[in-house]
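2 protein chains.
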Amino acid sequence: MKLSKRQEQIIQIVREEGPITGDDIAGILDLARGTIRNDLSVLTMLGYLDARPKVGYYYKGDPTHLEIRKMLDGIHVEEIMSVPAVLDEKASVYDGICAVFLENIGTIFITRQGFLVGCVSRKDLLRSAIGQVDLEKTPLSMIMTRMPNIISIGPKDSVYTAAQAIDQWEIDALPVVVGEEQLKVVGRLTKTNINRLVVELGGDDES
Amino acid sequence: MKLSKRQEQIIQIVREEGPITGDDIAGILDLARGTIRNDLSVLTMLGYLDARPKVGYYYKGDPTHLEIRKMLDGIHVEEIMSVPAVLDEKASVYDGICAVFLENIGTIFITRQGFLVGCVSRKDLLRSAIGQVDLEKTPLSMIMTRMPNIISIGPKDSVYTAAQAIDQWEIDALPVVVGEEQLKVVGRLTKTNINRLVVELGGDDES
Numbered sequence: 001m002k003l004s005k006r007q008e009q010i011i012q013i014v015r016e017e018g019p020i021t022g023d024d025i026a027g028i029l030d031l032a033r034g035t036i037r038n039d040l041s042v043l044t045m046l047g048y049l050d051a052r053p054k055v056g057y058y059y060k061g062d063p064t065h066l067e068i069r070k071m072l073d074g075i076h077v078e079e080i081m082s083v084p085a086v087l088d089e090k091a092s093v094y095d096g097i098c099a100v101f102l103e104n105i106g107t108i109f110i111t112r113q114g115f116l117v118g119c120v121s122r123k124d125l126l127r128s129a130i131g132q133v134d135l136e137k138t139p140l141s142m143i144m145t146r147m148p149n150i151i152s153i154g155p156k157d158s159v160y161t162a163a164q165a166i167d168q169w170e171i172d173a174l175p176v177v178v179g180e181e182q183l184k185v186v187g188r189l190t191k192t193n194i195n196r197l198v199v200e201l202g203g204d205d206e207s
Numbered sequence: 001m002k003l004s005k006r007q008e009q010i011i012q013i014v015r016e017e018g019p020i021t022g023d024d025i026a027g028i029l030d031l032a033r034g035t036i037r038n039d040l041s042v043l044t045m046l047g048y049l050d051a052r053p054k055v056g057y058y059y060k061g062d063p064t065h066l067e068i069r070k071m072l073d074g075i076h077v078e079e080i081m082s083v084p085a086v087l088d089e090k091a092s093v094y095d096g097i098c099a100v101f102l103e104n105i106g107t108i109f110i111t112r113q114g115f116l117v118g119c120v121s122r123k124d125l126l127r128s129a130i131g132q133v134d135l136e137k138t139p140l141s142m143i144m145t146r147m148p149n150i151i152s153i154g155p156k157d158s159v160y161t162a163a164q165a166i167d168q169w170e171i172d173a174l175p176v177v178v179g180e181e182q183l184k185v186v187g188r189l190t191k192t193n194i195n196r197l198v199v200e201l202g203g204d205d206e207s
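Chains as they are written, first to last, in my numbering: chain A, 1 to 207; chain B, 1 to 207.
Calculated from the structure, these hints are not laboratory results.
Just so we're clear, the structure is a prediction, and the values are computed from it rather than from any experiment.
One thing to keep in mind: the hints can contain errors.
[Stated by the list, open to error] No more than 27 Å apart at the CA atoms, straight line, and that leaves these computed lysine-lysine pairs for DSS-like:
| # | chain 1 | residue 1 | chain 2 | residue 2 |
| --- | --- | --- | --- | --- |
| 1 | A | K123 | A | K70 |
| 2 | A | K2 | B | K137 |
| 3 | A | K70 | B | K184 |
| 4 | A | K5 | A | K60 |
| 5 | B | K2 | B | K60 |
| 6 | A | K156 | A | K184 |
| 7 | B | K123 | B | K137 |
| 8 | A | K5 | B | K70 |
| 9 | B | K123 | B | K184 |
| 10 | A | K60 | B | K70 |
| 11 | B | K60 | A | K2 |
| 12 | A | K123 | A | K137 |
| 13 | B | K2 | A | K54 |
| 14 | B | K90 | B | K184 |
| 15 | B | K5 | A | K70 |
| 16 | A | K54 | A | K90 |
| 17 | B | K156 | B | K184 |
| 18 | A | K90 | B | K123 |
| 19 | B | K2 | A | K156 |
| 20 | B | K137 | B | K90 |
| 21 | A | K156 | A | K90 |
| 22 | A | K137 | B | K123 |
| 23 | A | K90 | A | K2 |
| 24 | B | K90 | A | K123 |
| 25 | A | K184 | A | K123 |
| 26 | B | K156 | B | K70 |
| 27 | A | K60 | A | K2 |
| 28 | A | K90 | A | K137 |
| 29 | B | K60 | A | K123 |
| 30 | B | K2 | A | K2 |
| 31 | A | K60 | B | K5 |
| 32 | A | K60 | B | K2 |
| 33 | B | K70 | A | K70 |
| 34 | B | K2 | A | K70 |
| 35 | B | K60 | A | K5 |
| 36 | B | K123 | B | K90 |
| 37 | A | K2 | B | K123 |
| 38 | B | K5 | B | K60 |
| 39 | A | K123 | B | K137 |
Produce the complete structure using the sequences and hints provided.
As structure tokens, this is what we get:
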């Protein structure tokens, strides 16, 4: 919904001066209180402003951003995650490289007795491949990033939390894990999942 | 804004039956026309429904999705793109691997006399690194994906178009290009940019 110029002005005033009474807003705009009554109702109904009795109007935020956030907070990681690529720590770097090509993935999660102990990226594999190591004899445990230096996420966490972690820690793929000290990998959440979500959220509602 | 159960029902009816008159909606709900008058105004004002005279109400879409799409359509690629990593086609595979580590990027755009002729991914580099080639003597042109098999995007295209292309073609990085037949690379649009946008759009409006 497109706001009028006066409604935009009112938002600006409340953002800067709030909490502020309707009378004071009208005063700043040099208008009668009655003139802006309808604008204040619309802005309150749309969610930009809220009013407290005897205090006045205060700014709540851009409702579109708030709606987007509410939507992202309401979608769980498990709803959009992918199947993880997992190898045991004793598997070789060569096995890891094969997995990258066979499964077309960027990050492999490494386990010991089924529990997460590390992860290996394409960059880690590339570093080994140009180094002086025997790819078939070097285990992935030699080149992996180790726990606890792995950022993981739970299946019930929100996709917003996931996107924030990916951005903040500059990672490609989050292991989706369950358990307390011993973590089991149940999924993989990547920038590909987030990008697909963007396409879906902005897409037709008809599907 | 949270809709009432009756408002949700009305949306459902209009989605399935629209265009439909207010009287017919009231009839399906077994209510008087006057009872749902206010619901219809609210839904129309919020953007879920629209009405045409003598035709009736029809469904426009979930306004949050429409708002998200409008927002994504309104943001240009050039506003969120990154600096591209570009190498000449005569540079070696070894140079390409160095660029990946030095600039921490996933895809290198390859040019001839300054114009885009291909791109090289980490996977392409990894394939070469485990192969029987001399990395310092093999030019990137030997291993690159070539034009016209490169999906590119313009700086004025919308980020929604970019996200769609990334999803549809399963690519990591789009070269942002200008020019007609000869394309100059002016940026790089990746899933990292899209993920960051999600974090920003869902974030505080206060900043």
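Given hint K123 of chain A paired with K90 of chain B - CA-CA distance at most 27 Å:
Distance of about 23 Å is within 27 Å: holds.
Hint consistency between K60 of chain B and K5 of chain A [alpha-carbon to alpha-carbon, up to 27 Å]:
holds (25 Å)
Quick one, are K2 of chain B and K156 of chain A close enough, alpha carbons at most 27 Å?
This hinted pair holds, its Cα atoms lying about 23 Å apart.
Within 27 Å, alpha carbon to alpha carbon, are K60 of chain A and K2 of chain A?
Satisfied, since the Cα-Cα distance of roughly 18 Å is no more than 27 Å.
Holds or violated: K5 of chain B with K70 of chain A, Cα cutoff 27 Å?
holds (19 Å)
Given the hint that K2 of chain B pairs with K54 of chain A, does the C-alpha gap stay at or below 27 Å?
Judged against 27 Å, a Cα distance of about 26 Å means the pair holds.
Need the status of pair K70 of chain A, K184 of chain B: alpha-carbon distance at most 27 Å?
Violated. K70 of chain A to K184 of chain B sits at ~40 Å, over the 27 Å cutoff.
Agreement of K156 of chain A and K184 of chain A with the hint, judged by alpha carbon distance not exceeding 27 Å:
Holds. K156 of chain A to K184 of chain A sits at ~14 Å (cutoff 27 Å).
Hint check: K156 of chain B vs K70 of chain B, CA-CA at most 27 Å. Holds or violated?
Holds - the C-alpha atoms of K70 of chain B and K156 of chain B are around 15 Å apart, at most 27 Å.
Do the alpha carbons of K90 of chain B and K184 of chain B lie within 27 Å of each other, as the hint requires?
Between K90 of chain B and K184 of chain B the Cα gap is close to 17 Å, so the pair holds against 27 Å.
Please work out if K123 of chain B and K90 of chain B have their alpha carbons no farther apart than 27 Å.
holds (19 Å)
Pair hint outcome, K137 of chain B versus K90 of chain B [Cα-Cα no greater than 27 Å]:
At roughly 10 Å apart (the allowed maximum being 27 Å), K90 of chain B and K137 of chain B satisfy the hint.
The structure shown violates the earlier hints numbered 1, 2, 3, 16, 21, 23, 29, 37.
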